[in-house]
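Working from the sequences, and respecting the hints, build out all of it.
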Amino acid sequence: MESDEAAEHRVRTMVLEAFADTIIPGEKRGPDDAAIAGVDVGGGAVAGGAIELLEDPAGGLAPALDTICVELDEYAREHAAATGLDLDPDLPPFVGLPFEARTALVEKLTSPDHPDKQMWVGLALFCNMAFDSAPHMHTVDALASGHPGLLAMGYESPEPDGLWRFPTFSYGRQLADPHPSTTATGSPA
Amino acid sequence: MTTTESTDVLVIGSGFGGAIAAYHLAAGGAQVKVFERGPWLKADDFEHDFKLGASYTRVFDFVIGDGMSVLGGNCVGGGSVVYFATMPRAPRFVFERHGSIGRRMWPAAISRDTLEPWYDRVAEALPVTQQTWDRVPYAGGLFAAACHHAGRTANPAPSAIDVDMCTNCNWMMAGCRFDAKRSLLLNYLPAALAHGAEIRPLHEVQHLVRNADGSYRVHYRVVDEEDYRILHGEGTIDAKIVVLAAGAGATPVILQRSEPHLGRMPHAVGRYFSGNGERLNTAVFDEDRVREVLKLSRPDGRAYEAYQIGRGPTVASWDRLDGALPEFERYSLEQLYFPPALGTILAQVPDASPSWFGREKKEMLRRWQSWLTIFTMSEDDNEGVFGPPPETGNAHRFSQQMLGHGPLRYRPTENTRRGWSLADADVKDILERDGLSRVMPWTNDLVGAYTVHPLASCRIGDDPATSALDDRHELRGHPGIFVTDGSAVPGALTVNPASTIAALAERAMPGIVRAARDRGVAVTYGAPSPDGETAGRRAVAHLRS
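Just so you know, the protein sequences line up as chains R and E, in that order.
Read in order, the letters of the first sequence correspond to residues 11 to 199 in the numbering used here.
Read in order, the letters of the second sequence correspond to residues 632 to 1176 in the numbering used here.
Just so you know, these hints were derived from the structure itself, not from any lab.
Bear in mind the structure is a predicted one, so any value in this text is a computation, not a measurement.
Even for Gly, the Cβ is constructed at its ideal location relative to N, Cα and C.
Mixed in with the good hints there might be a few duds.
Claimed, not checked - The calculated label-pair distances, taken between Cβ atoms and stated as ranges, are:
| hint | chain 1 | residue 1 | chain 2 | residue 2 | range |
| --- | --- | --- | --- | --- | --- |
| 1 | R | Val80 | E | Asp953 | 54 to 62 Å |
| 2 | R | Ala16 | E | Asp855 | 29 to 37 Å |
| 3 | R | Gln128 | E | Gly1151 | 48 to 56 Å |
| 4 | R | Val80 | E | Asn842 | 48 to 56 Å |
| 5 | R | Asp171 | E | Asp844 | 54 to 62 Å |
| 6 | E | Asp855 | R | Ala17 | 31 to 39 Å |
Claimed, not checked - Far from chain R, by Cβ distances over 12 Å, these chain E residues were calculated:
| hint | residue |
| --- | --- |
| 7 | Arg766 |
| 8 | Ala843 |
| 9 | Asp858 |
| 10 | Met995 |
| 11 | Thr1023 |
| 12 | Arg1028 |
| 13 | Ser1030 |
| 14 | Glu1063 |
| 15 | Glu1164 |
| 16 | Ala1172 |
Next up, the structure:
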């Protein structure tokens, strides 16, 4: 039997996953996956590790995640009521929103005039980072394990010593005329 | 009971303003201590790793303000460790700018001509070298070719990178693993240490108090080496001279916090902040059009797909650095690399809603290797104002490292917006021509405008009403406190500012040495370049008095 604490954490994770999936969407992990809307192929922010990153004490958002989820659900309820959407009573309200409604709500929360904009932008920033730089993992490990974001972006792999070097890097020829007033030091006049 | 140490000179911050001061004063015979609030890392410590806690997050700060976010160095060597080492000199017209104060912003004593020998000293010390086309990375080449196609010029920009040692890994924001970037860790700072200067990392200065004898008591806290949110012990040190060089995002905050102890600060402390008029555009190139229109191809057959390869910015277009154009309409455009995370979140998808997240953004990320980022440096209106200082440091630290919220408020004026708008249109004209790419500016809606070159928050000038420092960089009304970092620069420079910040610091040194002597410190001016070269010293010998 799941403890209350475990159940609360499971719900919180679903809400955070739904938010992360709105920032960088991915494909569902299974037919019962309610958190991920499944509007895109391949892994998104959730598969990138958004929850691990958000829960990392180094990031700074971890202590606020409970409050964030309560507020997100509250906003979702208001949004559903205002737009005439019926929410599935078995799901946390934000998770119950269809992808387009989640998107509209995130746009509203991160708009310049929203009083808590900074918090919502911070949440979005971390979700985006999970996908495009995986800061909860060593980058070499992320690439070796097939991190969906770095792979999708075509991020090149390092040399065997874990360092990046690009010995071939230049078209090797002059491709524009320098400004005619360039000084002898190579600076603008 | 705690004891208070003493020293001749306390230097606060170890970037260009601090390192140059530490070197000249130590070489001249003064007892010098340098307090740096960040860690002290060297080449082997600089990791190729985005993980939280790696050097990438330890060595720089991202401070989110109200309408302006500031990226800056946070380590021994300051900005020189994290920057891209692009070192052009500021164009002549910059020194004649009026901004919005109705008079020349720069002191009468300073022009491009009078600063030239000091630029030369910096170029000799680092050194700064001209770059050649055959070593320009693909991204710079692509920008150059697009400029040429649009009838524009483009230059490989002068740089403090030893290209022979550079691997074009593009990790230079995490510190250079290969010592190819000629940061201050390789010249001024080791030379200062050799002359007896002492550098203390993780020492964050909180405020200054004036002693009865005219010296200053400096209060500091020790920062935890792993979690910068945690401050350990506190201490004090007395100094006859204080050189404040904590960076344009921190120097005014230290002075504001000191005001109850030091007395009234000049009006310009914490005002007139400039973000160097900075703005970014991200283009996503059509690889086929790159091949067909620009005739570019790599040895492996790809046209471009090389955003990740290189060493930050290498090519700039200076067509709009024209002194005949009206003020606020002049800017440079520079090809740039920004690593993922901070470099992607603000990039926008053309014609998409939402523009910065969602399905279309993910599709844009899939084409990341075909990105090209163009950096505008324009003339902003010195709009930034610092609010009340936080209890410690210059920001409420949010993450263990890197992220914090600061008191800077910035509302771009119509002048600044006009420059950005002209530059955006120019970038679009150059990069979208003949279907080469689609381009959009970064959004300012999320974290405001942003700058990697904060300036002018404690600036030099001749007018006490609009400048915090006189033309010798001494804080008005507070003798013995000098400011030599980017906060002393009067306004936006339209190019990368490190060269000018460093030249101004070099220029300030004879005067600071003189002030130290007047306060009983046995010190002389006249050190050679950090590696012993003497051409720069000879060239400024007649300028000492």
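Pairwise beta carbon distance, Asp855 of chain E to Ala17 of chain R, judged against the given window 31 to 39 Å: holds, 36 Å
Range hint 54 to 62 Å (beta carbons of Val80 of chain R and Asp953 of chain E) holds or violated: Taking Cβ atoms as reference, Val80 of chain R and Asp953 of chain E lie about 56 Å apart, which means the hint holds.
Outcome of range test on Cβ distance (Val80 of chain R, Asn842 of chain E; 48 to 56 Å): holds, 53 Å
Cβ separation check - Glu1164 of chain E to all of chain R, threshold 12 Å: Given that every Cβ of chain R is farther than 12 Å from that of Glu1164 of chain E, nearest at about 16 Å, it holds.
Chain R versus Ala1172 of chain E - minimum CB to CB distance exceeding 12 Å, so not interface: Given that every Cβ of chain R is farther than 12 Å from that of Ala1172 of chain E, nearest at about 20 Å, it holds.
Minimum Cβ distance from Glu1063 of chain E to chain R greater than 12 Å, as the annotation requires: For Glu1063 of chain E, whose nearest Cβ neighbour in chain R is about 18 Å away, the distance exceeds 12 Å, so it holds.
48 to 56 Å as the expected CB spacing between Gly1151 of chain E and Gln128 of chain R, which holds or is violated: holds, 49 Å
Status of the given 29 to 37 Å range, CB of Asp855 of chain E versus CB of Ala16 of chain R: holds, 33 Å
Claimed clearance of chain R by Ser1030 of chain E, with the beta carbon kept past 12 Å: violated, 4 Å
Range hint 54 to 62 Å (beta carbons of Asp171 of chain R and Asp844 of chain E) holds or violated: For Asp171 of chain R and Asp844 of chain E the Cβ distance comes to about 56 Å; the hint holds.
Assertion that Arg766 of chain E lies outside the chain R interface [Cβ separation over 12 Å]: Per Cβ check, Arg766 of chain E is inside 12 Å of chain R; nearest 6 Å; violated.
No chain R beta carbon within 12 Å of Thr1023 of chain E's: The claim stands: Thr1023 of chain E keeps its Cβ more than 12 Å from every Cβ of chain R (closest is about 16 Å).
In summary, the numbered hints that this structure violates are 7, 9, 10, 12 and 13.
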